[in-house]
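J.: Produce the complete structure using the sequences and hints provided.
As given, the protein sequences belong to chains A and B, one line each in that order.
For what it's worth, our numbering labels the leading residue of the first sequence as 1, then goes sequentially.
For what it's worth, our numbering labels the leading residue of the second sequence as 1, then goes sequentially.
In case anyone wonders, no lab produced these hints; they're calculated from the structure.
Treat the numbers as computed from the prediction; the structure is a model and nothing was measured.
Please note that a few of the clues may not be correct.
As the list claims (entries may be wrong) - In the DSSO-like style, the derived pairs of lysine-lysine whose C-alpha atoms are separated by at most 27 angstroms in a straight line are:
no. : chain 1 : residue 1 : chain 2 : residue 2
1   : B       : Lys-601   : A       : Lys-325
2   : B       : Lys-615   : B       : Lys-522
3   : B       : Lys-108   : B       : Lys-18
4   : B       : Lys-161   : B       : Lys-195
5   : B       : Lys-496   : B       : Lys-586
6   : B       : Lys-434   : B       : Lys-404
7   : B       : Lys-287   : B       : Lys-195
8   : B       : Lys-404   : B       : Lys-289
9   : A       : Lys-322   : B       : Lys-154
10  : A       : Lys-12    : B       : Lys-441
11  : B       : Lys-289   : A       : Lys-330
12  : A       : Lys-330   : B       : Lys-108
13  : B       : Lys-195   : A       : Lys-330
14  : B       : Lys-522   : B       : Lys-569
15  : B       : Lys-608   : B       : Lys-101
16  : B       : Lys-101   : B       : Lys-601
17  : B       : Lys-434   : A       : Lys-330
18  : B       : Lys-361   : B       : Lys-203
19  : B       : Lys-434   : B       : Lys-287
20  : B       : Lys-586   : B       : Lys-601
21  : B       : Lys-441   : B       : Lys-513
22  : A       : Lys-235   : A       : Lys-196
23  : B       : Lys-434   : A       : Lys-325
24  : B       : Lys-513   : A       : Lys-325
25  : B       : Lys-154   : B       : Lys-216
26  : B       : Lys-195   : B       : Lys-236
27  : B       : Lys-404   : B       : Lys-496
28  : A       : Lys-235   : A       : Lys-13
29  : A       : Lys-325   : B       : Lys-161
30  : A       : Lys-235   : A       : Lys-194
31  : A       : Lys-322   : B       : Lys-287
32  : B       : Lys-615   : B       : Lys-108
33  : A       : Lys-13    : B       : Lys-441
34  : B       : Lys-200   : A       : Lys-330
35  : B       : Lys-161   : A       : Lys-322
36  : B       : Lys-522   : B       : Lys-496
37  : B       : Lys-522   : A       : Lys-196
38  : B       : Lys-289   : A       : Lys-322
39  : A       : Lys-330   : B       : Lys-496
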Amino acid sequence: MTNIIEPTRLTKKDFETDQDVRWCPGCGDYAILATVQRVMPELGVPLEQMVWVSGIGCSSRFPYYMNTYGFHTIHGRAPAFAMGIKTANPSLSVWMATGDGDGLSIGGNHLMHCLRRNLDIKILMFNNRIYGLTKGQYSPTSEVGKVTKSTPLGSADQPVDPAAFALGVNGSFVARSIDTEAQHLSEVLRRAAKHKGTAFMEVYQNCNVFNDGAFDSFREKDVKAERTVRVEHGKPLVFGTGNDKGLRLNPKSMQLEVVKIGEGGVGADDVLVHDETNSTLAFMLARMPYPEFPVALGVLFAEERPTYDGTVVEQQAAAVTKVGKGSLQKLLNSGSTWEI
Amino acid sequence: MTTSTPVSDTTPHRHVIKGAVVRFAGDSGDGMQVTGDQFTAAAALAQNDLATFPDFPAEIRAPAGTLYGVSGFQIHFSSQDVFTPGDAPDVLVAMNPAALKTNLRDLKQGGLLIVNSGTFNATNLKKAGYAENPLEDGSMDGAGYSVLAIDISKLTLLSVKETGLSTKEANRCKNFWTLGLMFWIYGRPMEPSIKWIEMKFGKRPELVAANIAALKAGHAYGETAEVSHFSYEVPKAPVAPGKYRNIGGNQATAWGLLAATELSGLELTLGAYPITPASDVLHELSKFKNFGVTTIQAEDEIAAICAVIGASYAGKIGVTSTSGPGVALKMEAVGLAVTTELPLVIIDIQRGGPSTGLPTKTEQADLLQAVYGRNGEAPVCVIAAATPGDCFYMAIEAVRLALKFMCPVFLLTDGYLANGAEPWAIPDVASLPKIEVTFRKDPEGFHPFLRDPVTLARNWAIPGTPGLMHRIGGIEKDFNSGHISYNPDNHELMTKTRAAKIAGIADDVPEQKIEVGNESGKLLVLGWGSTYGSIREAVTRCRERGLDVSHAHVRYLNPFPRNLGELLKRFDRVLVPELNNGQLVKMIRSQYLVPAESMPKIQGQPFKIAELEDKIRQVMES
Numbered sequence: 001m002t003n004i005i006e007p008t009r010l011t012k013k014d015f016e017t018d019q020d021v022r023w024c025p026g027c028g029d030y031a032i033l034a035t036v037q038r039v040m041p042e043l044g045v046p047l048e049q050m051v052w053v054s055g056i057g058c059s060s061r062f063p064y065y066m067n068t069y070g071f072h073t074i075h076g077r078a079p080a081f082a083m084g085i086k087t088a089n090p091s092l093s094v095w096m097a098t099g100d101g102d103g104l105s106i107g108g109n110h111l112m113h114c115l116r117r118n119l120d121i122k123i124l125m126f127n128n129r130i131y132g133l134t135k136g137q138y139s140p141t142s143e144v145g146k147v148t149k150s151t152p153l154g155s156a157d158q159p160v161d162p163a164a165f166a167l168g169v170n171g172s173f174v175a176r177s178i179d180t181e182a183q184h185l186s187e188v189l190r191r192a193a194k195h196k197g198t199a200f201m202e203v204y205q206n207c208n209v210f211n212d213g214a215f216d217s218f219r220e221k222d223v224k225a226e227r228t229v230r231v232e233h234g235k236p237l238v239f240g241t242g243n244d245k246g247l248r249l250n251p252k253s254m255q256l257e258v259v260k261i262g263e264g265g266v267g268a269d270d271v272l273v274h275d276e277t278n279s280t281l282a283f284m285l286a287r288m289p290y291p292e293f294p295v296a297l298g299v300l301f302a303e304e305r306p307t308y309d310g311t312v313v314e315q316q317a318a319a320v321t322k323v324g325k326g327s328l329q330k331l332l333n334s335g336s337t338w339e340i
Numbered sequence: 001m002t003t004s005t006p007v008s009d010t011t012p013h014r015h016v017i018k019g020a021v022v023r024f025a026g027d028s029g030d031g032m033q034v035t036g037d038q039f040t041a042a043a044a045l046a047q048n049d050l051a052t053f054p055d056f057p058a059e060i061r062a063p064a065g066t067l068y069g070v071s072g073f074q075i076h077f078s079s080q081d082v083f084t085p086g087d088a089p090d091v092l093v094a095m096n097p098a099a100l101k102t103n104l105r106d107l108k109q110g111g112l113l114i115v116n117s118g119t120f121n122a123t124n125l126k127k128a129g130y131a132e133n134p135l136e137d138g139s140m141d142g143a144g145y146s147v148l149a150i151d152i153s154k155l156t157l158l159s160v161k162e163t164g165l166s167t168k169e170a171n172r173c174k175n176f177w178t179l180g181l182m183f184w185i186y187g188r189p190m191e192p193s194i195k196w197i198e199m200k201f202g203k204r205p206e207l208v209a210a211n212i213a214a215l216k217a218g219h220a221y222g223e224t225a226e227v228s229h230f231s232y233e234v235p236k237a238p239v240a241p242g243k244y245r246n247i248g249g250n251q252a253t254a255w256g257l258l259a260a261t262e263l264s265g266l267e268l269t270l271g272a273y274p275i276t277p278a279s280d281v282l283h284e285l286s287k288f289k290n291f292g293v294t295t296i297q298a299e300d301e302i303a304a305i306c307a308v309i310g311a312s313y314a315g316k317i318g319v320t321s322t323s324g325p326g327v328a329l330k331m332e333a334v335g336l337a338v339t340t341e342l343p344l345v346i347i348d349i350q351r352g353g354p355s356t357g358l359p360t361k362t363e364q365a366d367l368l369q370a371v372y373g374r375n376g377e378a379p380v381c382v383i384a385a386a387t388p389g390d391c392f393y394m395a396i397e398a399v400r401l402a403l404k405f406m407c408p409v410f411l412l413t414d415g416y417l418a419n420g421a422e423p424w425a426i427p428d429v430a431s432l433p434k435i436e437v438t439f440r441k442d443p444e445g446f447h448p449f450l451r452d453p454v455t456l457a458r459n460w461a462i463p464g465t466p467g468l469m470h471r472i473g474g475i476e477k478d479f480n481s482g483h484i485s486y487n488p489d490n491h492e493l494m495t496k497t498r499a500a501k502i503a504g505i506a507d508d509v510p511e512q513k514i515e516v517g518n519e520s521g522k523l524l525v526l527g528w529g530s531t532y533g534s535i536r537e538a539v540t541r542c543r544e545r546g547l548d549v550s551h552a553h554v555r556y557l558n559p560f561p562r563n564l565g566e567l568l569k570r571f572d573r574v575l576v577p578e579l580n581n582g583q584l585v586k587m588i589r590s591q592y593l594v595p596a597e598s599m600p601k602i603q604g605q606p607f608k609i610a611e612l613e614d615k616i617r618q619v620m621e622s
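T.: And the structure:
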């Protein structure tokens, strides 16, 4: 812990701690941790300049395994702690690990406000569609009718889609990836790191104990080409084995539709080209019903906007420029006073 | 108005009096708070000692003329020391029937009622619940007070006629007409208020002209009408030499926090969610970004405290300001600050509870919440301010203790202190003690829960410090490494250590002193918080009548000052008046095993001096 290493020479090992990782064997969290630790050295951020913040849940153990500064806080409130840390010291690189329960159930309010404020932090939401740490209750992202210990007859509530939620509350960067796809997740992490503002990343993560195989129908090798579409700015929204399918906008229904390229007069030009600055398109991609449509993965939306912490700093600097550095004695003597 | 001697040398028609209590009461749209503020400024300029308290309805714009829409402002000014805004008014100014109905019962025997008869029409009388006009039905004859019934509404309209204002706008000037009359009664100069009007309404010259005209007309009315037997002079109060200003409790709290940033050299982050009566701390601090202050209006009470714990973790002074319901929401986060041992100040500006309770009224019912209201063994430091001006010093003290002991500190004030104001000797900032802060820099042998052997405070290593990367959180930590630990013996050791750290604060704060009276005797009246002025005055009066009673006021509520137990035992009996159902008294009984007696009051109103005097007498006779 006492060695200070140049950021340019950091390796994956430098980001590992001496703590035993205590997730269940086979948990998707291991893969995410490994990918994060592999990508972090590329960012050129010194260890001491990085802070990992989390709430409560399996995913929220994450900071204990990152050899940076870390704060394991209380359930659902990580975005609020992150707001205080980042505004107190905007030079820090602040990252947050959360889950579907922590981030969207108890912490939905804070997540919403963090996203709309555009605080310059990076949020990884591990979505396993289940409560793991409390041993298997349904979560706000569980499908309707989910049978769990707390819902023996099936859950009655409609789920929320994390990416669509983030777009709906005016998030400036929204992406999706999968725990087991190290390369894809790495690219999303790199993009998020570069984004100035709240970068929201939903990562589909398998809970092999309480919700095993939740994403197998689109993440397994033999199905993923047909069941997922990899979105990339400026590239056509094509998918399928041999990229033979695409997404097209039906101008009459104002809805996306899946088309087969080369069939029924559909040419490659008819397929939509992904524009990550188009929030309407991003919302449609995030909300595509599955399995009628593929699952959209990648950077759905990215837009540069002023950040909350940046504006706070600007206001402080402007105040000093306008009236000078504050003096308490001057303030106490201001206004109506009298001598005796 | 307690003594009234006509003097003939300098002011032939003015009666020199010790002091007076004046209450302005009117509809919430009548501008009574402005009138009160201006009248206060004049009393301060005349070098009277004074205390004020506004009493306004919870509704922002309650329907006109209703009983629940009445807004009041009381001021006690005197040529002697003033400790409270006074019990009963000597002069009541009632601007409409509703104001008369809700306030008349408080008017002192022999007092003066000034009433705007122009508003006593059928509609307003009905809204106030009067079957007959009380100004005409003879009910005030022989009631033991003088009545000046003046059609202020009509006289105001006449006085501003030339300015061409609409009747509605012209009618709004009646508070300045009333102020003018009151200025004449107490011999105050009008110039400062004229200047204020010019500044306030500068963009609308017609309003400047009208309000000044109304003010002068009210003053002239006093001079020409037959009210000369109601003209008084209150001489200067014998106060220590120095420079003074008026200060309100919330303003003093905010300025104390600014002082703490200057004295510690640390920047400050305030996180708050709007709540009555605490919002003014947020408003006030938001003005001072050039002091290195960051204010965050968070999405809720929980986010407000979590954000500032984050700021503390990053090396700032983290402060959250709220009232009782907000504290209830914040408690899980306070527990996190307890176990992560981060500095944190929670300002609870108490109001009537439970739940929404009485949002605009005062109460002291959050003491037990602050001291005990968390899951697990989670001791914190709790201190309380005694007067509006004391809020300044106690805010500095809260920050000092939080930084020195790396712990959450509750600062308790209340609605009465928050909205009350008093003249305040401006301190010399250079003479205020500096607050020493050391961040850990040395990686050698570091772990986050290394402690100072004396204070038991852990070392503070902030993000950005090379070589000191570490993780903290809500899970129990190993005493020797700071790593998470589920070891049973370690949990007990850490729990005891956190408790010992808080208990040790007693060695760092002043011993409990007696405010008034002997160091031992028959009865000790033990108070805390905003009841200071009333208790002090009541005990002083009882002592003047020969009763063996003393007053001590507790500013440090957890831990108590180290000598408090010994001090209590020097008295035969201990009486604890509180604006709650008996909270400090429970703590005193359980900690010191003394049979302290409780005097609760839970009416959303401060203690009256008279009711304290009665109780003291009753206890001493029993």
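J.: All the hints need checking, so say for each whether the structure fits it.
T.: Status of each hint after checking the structure:
{"no.": "1", "hint": "B:Lys-601 <-> A:Lys-325", "verdict": "violated (46 angstroms)"}
{"no.": "2", "hint": "B:Lys-615 <-> B:Lys-522", "verdict": "holds (14 angstroms)"}
{"no.": "3", "hint": "B:Lys-108 <-> B:Lys-18", "verdict": "holds (16 angstroms)"}
{"no.": "4", "hint": "B:Lys-161 <-> B:Lys-195", "verdict": "holds (22 angstroms)"}
{"no.": "5", "hint": "B:Lys-496 <-> B:Lys-586", "verdict": "holds (23 angstroms)"}
{"no.": "6", "hint": "B:Lys-434 <-> B:Lys-404", "verdict": "holds (12 angstroms)"}
{"no.": "7", "hint": "B:Lys-287 <-> B:Lys-195", "verdict": "holds (24 angstroms)"}
{"no.": "8", "hint": "B:Lys-404 <-> B:Lys-289", "verdict": "holds (25 angstroms)"}
{"no.": "9", "hint": "A:Lys-322 <-> B:Lys-154", "verdict": "violated (47 angstroms)"}
{"no.": "10", "hint": "A:Lys-12 <-> B:Lys-441", "verdict": "holds (25 angstroms)"}
{"no.": "11", "hint": "B:Lys-289 <-> A:Lys-330", "verdict": "holds (15 angstroms)"}
{"no.": "12", "hint": "A:Lys-330 <-> B:Lys-108", "verdict": "violated (42 angstroms)"}
{"no.": "13", "hint": "B:Lys-195 <-> A:Lys-330", "verdict": "holds (22 angstroms)"}
{"no.": "14", "hint": "B:Lys-522 <-> B:Lys-569", "verdict": "holds (11 angstroms)"}
{"no.": "15", "hint": "B:Lys-608 <-> B:Lys-101", "verdict": "holds (20 angstroms)"}
{"no.": "16", "hint": "B:Lys-101 <-> B:Lys-601", "verdict": "holds (24 angstroms)"}
{"no.": "17", "hint": "B:Lys-434 <-> A:Lys-330", "verdict": "holds (18 angstroms)"}
{"no.": "18", "hint": "B:Lys-361 <-> B:Lys-203", "verdict": "violated (35 angstroms)"}
{"no.": "19", "hint": "B:Lys-434 <-> B:Lys-287", "verdict": "holds (24 angstroms)"}
{"no.": "20", "hint": "B:Lys-586 <-> B:Lys-601", "verdict": "holds (15 angstroms)"}
{"no.": "21", "hint": "B:Lys-441 <-> B:Lys-513", "verdict": "violated (40 angstroms)"}
{"no.": "22", "hint": "A:Lys-235 <-> A:Lys-196", "verdict": "holds (23 angstroms)"}
{"no.": "23", "hint": "B:Lys-434 <-> A:Lys-325", "verdict": "holds (19 angstroms)"}
{"no.": "24", "hint": "B:Lys-513 <-> A:Lys-325", "verdict": "violated (39 angstroms)"}
{"no.": "25", "hint": "B:Lys-154 <-> B:Lys-216", "verdict": "holds (15 angstroms)"}
{"no.": "26", "hint": "B:Lys-195 <-> B:Lys-236", "verdict": "holds (23 angstroms)"}
{"no.": "27", "hint": "B:Lys-404 <-> B:Lys-496", "verdict": "holds (19 angstroms)"}
{"no.": "28", "hint": "A:Lys-235 <-> A:Lys-13", "verdict": "violated (35 angstroms)"}
{"no.": "29", "hint": "A:Lys-325 <-> B:Lys-161", "verdict": "violated (48 angstroms)"}
{"no.": "30", "hint": "A:Lys-235 <-> A:Lys-194", "verdict": "holds (20 angstroms)"}
{"no.": "31", "hint": "A:Lys-322 <-> B:Lys-287", "verdict": "holds (12 angstroms)"}
{"no.": "32", "hint": "B:Lys-615 <-> B:Lys-108", "verdict": "holds (20 angstroms)"}
{"no.": "33", "hint": "A:Lys-13 <-> B:Lys-441", "verdict": "holds (24 angstroms)"}
{"no.": "34", "hint": "B:Lys-200 <-> A:Lys-330", "verdict": "holds (23 angstroms)"}
{"no.": "35", "hint": "B:Lys-161 <-> A:Lys-322", "verdict": "violated (43 angstroms)"}
{"no.": "36", "hint": "B:Lys-522 <-> B:Lys-496", "verdict": "violated (38 angstroms)"}
{"no.": "37", "hint": "B:Lys-522 <-> A:Lys-196", "verdict": "violated (69 angstroms)"}
{"no.": "38", "hint": "B:Lys-289 <-> A:Lys-322", "verdict": "holds (11 angstroms)"}
{"no.": "39", "hint": "A:Lys-330 <-> B:Lys-496", "verdict": "violated (45 angstroms)"}
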